[in-house]
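Line by line, the protein sequences are chains A, B, C and D. Be aware that the first sequence starts at -11, since it is given in our numbering, and climbs by one per residue. Be aware that the second sequence starts at -11, since it is given in our numbering, and climbs by one per residue. Be aware that the third sequence starts at 287, since it is given in our numbering, and climbs by one per residue. Be aware that the fourth sequence starts at 287, since it is given in our numbering, and climbs by one per residue.
No wet-lab data here; the hints were simulated from the structure. The model shown is predicted, which means the values in this text are computed figures rather than measured ones. There could be a bad hint or two in this list.
[Claimed, not checked] Listed below are the simulated DSBU-like cross-link pairs for lysine-lysine, each with C-alpha atoms no more than 30 Å apart in a straight line:
1. LYS514/D to LYS480/C
2. LYS508/C to LYS8/A
3. LYS8/B to LYS307/A
4. LYS486/C to LYS486/D
5. LYS508/C to LYS490/D
6. LYS476/D to LYS30/A
7. LYS490/C to LYS451/D
8. LYS30/A to LYS451/C
9. LYS486/C to LYS514/D
10. LYS536/C to LYS451/D
11. LYS514/C to LYS486/D
12. LYS30/A to LYS536/D
13. LYS476/D to LYS480/C
14. LYS541/D to LYS486/C
15. LYS490/C to LYS480/D
16. LYS30/B to LYS421/D
17. LYS240/B to LYS307/A
18. LYS508/C to LYS480/D
19. LYS231/B to LYS231/A
20. LYS486/C to LYS30/B
21. LYS480/C to LYS508/D
22. LYS486/D to LYS480/C
23. LYS420/C to LYS8/A
24. LYS536/D to LYS168/A
25. LYS8/B to LYS420/D
26. LYS490/C to LYS490/D
27. LYS514/C to LYS476/D
28. LYS486/D to LYS490/C
29. LYS30/B to LYS541/C
30. LYS30/A to LYS541/D
31. LYS476/D to LYS451/C
32. LYS30/A to LYS420/C
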Amino acid sequence: MKEIRYIWGVKEAIYEEMEKDEQVVFIGEDVGSPGGSFGASKGLLETFGSERIIDTPISEAGIVGMAAGAAACGLRPIVEIMFMDFMTVCMDGIVNQIAKMRYMFGSRYSMPIVIRTPGGGGLNAGPQHSQCLEAWFAHVPGLKVVMPSTPYDVKGLLKSAIRDDNPVIVVENKSLHALKGEIPNDEYVVEIGKADIKKSGTDVTVVATSRMVHESLKASEKLSKQGIEIEVIDLRSISPWDKETVFNSVGKTHHLVIAHEAVKQCGIGAEISAVVAEEIMDELDAPIERVGAPFVPVPFNLEQVYLPDSENVVTAVEKTMERLF
Amino acid sequence: MKEIRYIWGVKEAIYEEMEKDEQVVFIGEDVGSPGGSFGASKGLLETFGSERIIDTPISEAGIVGMAAGAAACGLRPIVEIMFMDFMTVCMDGIVNQIAKMRYMFGSRYSMPIVIRTPGGGGLNAGPQHSQCLEAWFAHVPGLKVVMPSTPYDVKGLLKSAIRDDNPVIVVENKSLHALKGEIPNDEYVVEIGKADIKKSGTDVTVVATSRMVHESLKASEKLSKQGIEIEVIDLRSISPWDKETVFNSVGKTHHLVIAHEAVKQCGIGAEISAVVAEEIMDELDAPIERVGAPFVPVPFNLEQVYLPDSENVVTAVEKTMERLF
Amino acid sequence: MTKLSKKTMILFYTQMIRIRKMEEKLMEVFANGEIPGFIHVCIGQEATPVAVCSQLNDSDYMANTHRGHGHALAKGIKPDMFMAELFGRSNGPCRGRAGSMHLADMNLGILGANGIVGGGIPIANGAAFASMYKKTDQVTVCFFGEGATDEGTFHEALNIASVMKLPIIFVCENNGWAEFTPQSVHMTIKDVSKRAASYKIPAKTVSNDFFEIYDAAAAFVKRARQGKGPSLLEVQSSRWHGHFVGDAQKYRDKKEIDTAMKSDCIANFKKYLFEKKILNKKINQKILTDIDQEIDAAVEFARTSPLPEASELMEELWA
Amino acid sequence: MTKLSKKTMILFYTQMIRIRKMEEKLMEVFANGEIPGFIHVCIGQEATPVAVCSQLNDSDYMANTHRGHGHALAKGIKPDMFMAELFGRSNGPCRGRAGSMHLADMNLGILGANGIVGGGIPIANGAAFASMYKKTDQVTVCFFGEGATDEGTFHEALNIASVMKLPIIFVCENNGWAEFTPQSVHMTIKDVSKRAASYKIPAKTVSNDFFEIYDAAAAFVKRARQGKGPSLLEVQSSRWHGHFVGDAQKYRDKKEIDTAMKSDCIANFKKYLFEKKILNKKINQKILTDIDQEIDAAVEFARTSPLPEASELMEELWA
Ligand SMILES: Cc1ncc(C[n+]2csc(CCOP(=O)(O)OP(=O)(O)O)c2C)c(N)n1
Ligand SMILES: Cc1ncc(C[n+]2csc(CCOP(=O)(O)OP(=O)(O)O)c2C)c(N)n1
Ligand SMILES: [Mg+2]
Ligand SMILES: [Mg+2]
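For reference, chain A alone in the conformation it holds in the complex:
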């Protein structure tokens, strides 16, 4: 085992897969000699050269479209979109082209594309650099969406994403980039679509994504002191998401809280809540609670107030415990 930072997990995954497979190329703004705005490609240019580490103009739609064509012709591009908020300038490429090309062209070829992008707040970067838009992509058939929360998961999931023959959106969280964690020295991957129980418990299931996994773990410590043992499920993949793990846990705890950083309305939490209520309503001893950001843009100054945190998880857990039929 070794301890690395989250962003190094990203880099190691790219590095290892590029070494293994010549068809993998990495495309983005400032990803060459600068090594990327968050350092994900530091040193990669030196190893793989400018043919495989491609520094582009500020033209996200152009980049994503190029990745689409390259994938259709046999390459396996990884695209970095510097901030998730910038996905708004290349939605056509992602949604109308990449997500649909395989299916609409008769399922005759594959579209192995990874789009990596950091979302979320934490840098006081304001309304146009802090959004969590993953639910949009989960609403689009033909895209897989993962949201790793630890160095271990990001490395393993990114490697799976690169090997996947389908388009995968990999959503990082800026505030996790510096997070340290252990990973094996040997090669490993994390399967897309599998959740991970980050802490087991018996009283309340907390399904969390990305940064909110850590907030839920923090909440867990506080709640433990009150005698409440929550089970923290790190969803890891939001499309497809791991119904089995969630259902098993709810079947045990009979209480569910869902926590993400995105606003609640039409977020992935709504989907999970809906599916649980539809399919295993009888298992619930109390209404499901969702934790998410308030329904306003992310303000530059009040980010700390804005961001959902462990306190919100504690409150939601307590609320769902209030009532026992």
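With chain A fixed as given, assemble chains B, C and D with the ligands onto it according to the hints.
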């Protein structure tokens, strides 16, 4: 009363509001002398001239951005995006700029913009001309989203949208454009955020949007024959949506089906299902059922199989009736 | 002017005729209600796809637009396969899921028509990048209309192609109309080729004359194949019919259409062949008859091809 | 060269000094951790905002970018209000919700800095359209960097401005760098002004010399005010510091920075003023001292301004 087509309701709303308020302008591709791809602006150029009916290049991002600036400087632009699928090429303008400008600039001015766009299938127009993406916009704080289903509603809601000092996305459905319906001769508006009970009933609440309202009404006829009286609520606005009307109905029927044309995952149905299950779970005598499109792109050839219809509503209603606690 | 063998010229003529007759037949079967959705025909513009695609090998790539029948046929799709796709049949190259507006066939390097104006231009770059990366000598041709050059993707893609020196030829078929809007309403320049200077890309504007297009395309394709980078070819083309089949063109001056029809790229080519005695009435008649038969057979093939099973809907979203 | 009164020239000099000293102070307080988020300073580029905005009235509009402090100050924002916004205080023009990267003040025609590269360009068109529509003689100035001209929005917006003949002046501050990437990596042309030809928009490239910028801007603003349409002004500017404060510019040749610093737009202007005896040491010292005081006061104002209440978060999303 008079009978008009849905698309004429659109035009009448624009016409009346442009007559009343000089600040209203209409911007889009082929909207001038051609009168718009679906005829929404037929004849408007003759009345209002090319200063107010603005034919643009094929540059959706440019158009939407222009509307943003114009609204910030006192105009009240209505933008036509020809197909909802093309919203993908102008998401930045809508999401990062229009939705946020008021709030992020200190709530010191208003952003009266309407973006009209037809979504949905029905024309066999294939994967890039048939999508229902309204949930994306409902996920964005700062946007209102309406989905009128009748000539009456579209005229009234569009008029409200034009008068609203906030950005409103008006989602039409192409297959409804030719629909006829009665509207008053006198002026009226329909309030944004208010649902409409299109048919009352006692057994199951069916919350539907847009075209699925009509499918639900069709389902209602079939179900009546089996002795099941559904209450069909036309949500009309999806952000904000009318919790009160939905809750009242569920409080009466204790059964809920939600029907929309978009795919279920992370659709607006997930949100409604989640909110109902969270806030009034005790009212439910059976799990909520959602009706939505299958999780694949809209194929050119199998559109009829793809589109959710009255049969799906019937099945969902029957399923939710199977179980009575 | 490039020297072409008689046989080759007859072949090009045949290809142009095939496209025109195919479009005419499509208008007919569409009017019958046999084809769902909407279709955009390229009658009047046949010279460009044939002149440009004749420079290409099967392994070269081509991306095109909603008005894409001519390009697909010129790039080598068989009429029966083509028709089956437009009829939405399961045996079409896209299993009928794509139809006219998204037709693709990677076996022939056809990257796909596109329902999004400007949507295909960055994708074409990707194909060009892939072949450059693999160090093959493949080139990519990307067709689009003058209307598409107002989209941001046109700009981004040409800049990227220039920076990366991609082996790609951008071909703008300037037919003067974007749906119901004439060029003068949506841009202030006349020659779209001027836009290439923003990226230091060589460019040329040619008329709708087959040989002019052919020569310019040959030079640009050669350039790309030699690794010298992208270029932009603009053809002053003309659209005879409506934007889509069923559009009565009420917005358009009859005289303008008449003028366009008078300088028919096919008629001019035919006249040349007759003058040069490459073609005579008899051969011409045979060509027309053969193509009629071929097209009738394609329609019949499509009509009798299996409609998709409902179960196909959910098949193979994922690789 | 335009004739300017001594008083005016002193004013311009003062404005440039104010911007530079403000940026220097910001680097200091940012390093202290007093300003959240990140900030982009425009040291080295001060001539452009001052020369351009001096052509404008309060009622004229201006849209700018992440590197927007200079533009906002030149367009008339008071240092204390400016600083309060950057400190995230409730009494800032945007209630502290915008900060550096989105600062706007519609009372001064400041449409807003923008966190999205290229995001502000179409918005500026909208302001220009509004004033044209209302038949005022307002003009709009839109600032952006050379990196932004690779975005599709640049292309779409310039084309629209041309077609609509909007009263707008596009000003590209070409500082040679987009984040950590030099211009040559992301475009193959040198003069961004060449891109205006795609839209038949008059354009000019000038050096970082105040008077050159001033004269070119004056002509273009006059043109716009007379209803003659849009124009593009490119300034060959230079960025002395990192992309954001804290960026150590390891990717950049020291010599290049030294060269840039040697042709300092402010030093050159000052030299001219000294030579022409418009400025002397005494006046200069007073200007510097006054501005130091003004800036200190602004920082003090911001520091002592109220932090937002948590309850403000949910206030007035809707009008
Ligand atoms: C992004 C987008 N905007 C608008 C449309 C609608 N549309 C389809 S074709 C067309 C005109 C295209 O004109 P041009 O590029 O000149 O091609 P032509 O039809 O003349 O071949 C438009 C506006 C679209 N399909 N996609
Ligand atoms: C759409 C988008 N892509 C990327 C970025 C990240 N980014 C911020 S500033 C910048 C460079 C801009 O360069 P330029 O336009 O030359 O302006 P300068 O910083 O030199 O003033 C980039 C890439 C962004 N903010 N928005
Ligand atoms: Mg055209
Ligand atoms: Mg720059």
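Here is what the structure says about each hint:
For the proposed pair LYS514/D and LYS480/C, the alpha carbon gap of about 22 Å is at most 30 Å, so the pair holds. In summary, the hint linking LYS508/C to LYS8/A is not supported, as the alpha carbons are separated by about 35 Å, beyond the 30 Å threshold. With a C-alpha separation of about 51 Å, the suggested pair LYS8/B and LYS307/A falls outside the 30 Å cut-off, and the hint is violated. In summary, the hint linking LYS486/C to LYS486/D is supported, as the alpha carbons are separated by about 17 Å, within the 30 Å threshold.
Simply put, LYS508/C and LYS490/D have alpha-carbon atoms about 35 Å apart, too far for the 30 Å limit, and the pair is violated. Distance restraint check for LYS476/D and LYS30/A: the Cα-Cα separation of roughly 28 Å lies within the 30 Å cut-off, and the hinted pair is therefore satisfied. Proximity of LYS490/C to LYS451/D is assessed by CA-CA distance (about 27 Å); at most 30 Å being required, the pair is judged to hold. Between LYS30/A and LYS451/C, the direct Cα distance comes to roughly 25 Å. Compliance with the 30 Å bound is thereby established for this hinted pair.
For the proposed pair LYS486/C and LYS514/D, the alpha carbon gap of about 28 Å is at most 30 Å, so the pair holds. A threshold of 30 Å between alpha carbons decides the hint, and for LYS536/C with LYS451/D the separation of about 28 Å falls inside it, so the pair holds. With a C-alpha separation of about 28 Å, the suggested pair LYS514/C and LYS486/D falls inside the 30 Å cut-off, and the hint holds. For the given pair, LYS30/A sits about 13 Å from LYS536/D by alpha-carbon distance, which is consistent with the 30 Å threshold.
Between the alpha carbons of LYS476/D and LYS480/C the distance comes to roughly 17 Å, so the proposed pair stays at or under 30 Å and holds. As the CA atoms of LYS541/D and LYS486/C are separated by approximately 28 Å, the hinted pair is consistent with the 30 Å bound. Taking the CA atoms of LYS490/C and LYS480/D, the gap is near 18 Å; set against the 30 Å cutoff, the hint holds. The suggested pairing of LYS30/B with LYS421/D holds, with an alpha-carbon distance near 26 Å, which does not exceed 30 Å.
Distance check on the hinted pair: LYS240/B and LYS307/A sit about 26 Å apart at the alpha-carbon level, within 30 Å; holds. Using a Cα cut-off of 30 Å, the hinted pair LYS508/C and LYS480/D holds, with the two alpha carbons roughly 27 Å apart. Of the supplied pair hints, the one linking LYS231/B and LYS231/A holds, its CA atoms being roughly 28 Å apart against a limit of 30 Å. With a CA separation close to 42 Å, the supplied pair LYS486/C and LYS30/B exceeds the 30 Å bound.
Proposed proximity of LYS480/C and LYS508/D is supported: the alpha carbons are some 27 Å apart, at most 30 Å. Simply put, LYS486/D and LYS480/C have alpha-carbon atoms about 10 Å apart, close enough for the 30 Å limit, and the pair holds. Between the alpha carbons of LYS420/C and LYS8/A the distance comes to roughly 16 Å, so the proposed pair stays at or under 30 Å and holds. Distance restraint check for LYS536/D and LYS168/A: the Cα-Cα separation of roughly 26 Å lies within the 30 Å cut-off, and the hinted pair is therefore satisfied.
Of the pairs offered as hints, the one joining LYS8/B and LYS420/D holds, with about 16 Å between alpha carbons and a cut-off of 30 Å not exceeded. Simply put, LYS490/C and LYS490/D have alpha-carbon atoms about 25 Å apart, close enough for the 30 Å limit, and the pair holds. Proposed proximity of LYS514/C and LYS476/D is supported: the alpha carbons are some 20 Å apart, at most 30 Å. Under the criterion of a C-alpha separation no larger than 30 Å, the hint pairing LYS486/D with LYS490/C is consistent with the structure, at around 18 Å.
Between LYS30/B and LYS541/C, the direct Cα distance comes to roughly 24 Å. Compliance with the 30 Å bound is thereby established for this hinted pair. The straight-line distance between the Cα atoms of LYS30/A and LYS541/D is roughly 24 Å, inside the 30 Å bound, and the hint therefore holds. Taken as a hint, the LYS476/D and LYS451/C pair is honoured in the structure, with Cα atoms around 16 Å apart against an allowance of 30 Å. Taking the CA atoms of LYS30/A and LYS420/C, the gap is about 25 Å. The hint holds against a cut of 30 Å.
Of the hints listed earlier, those the structure fails to meet are numbers 2, 3, 5 and 20, in rising order.
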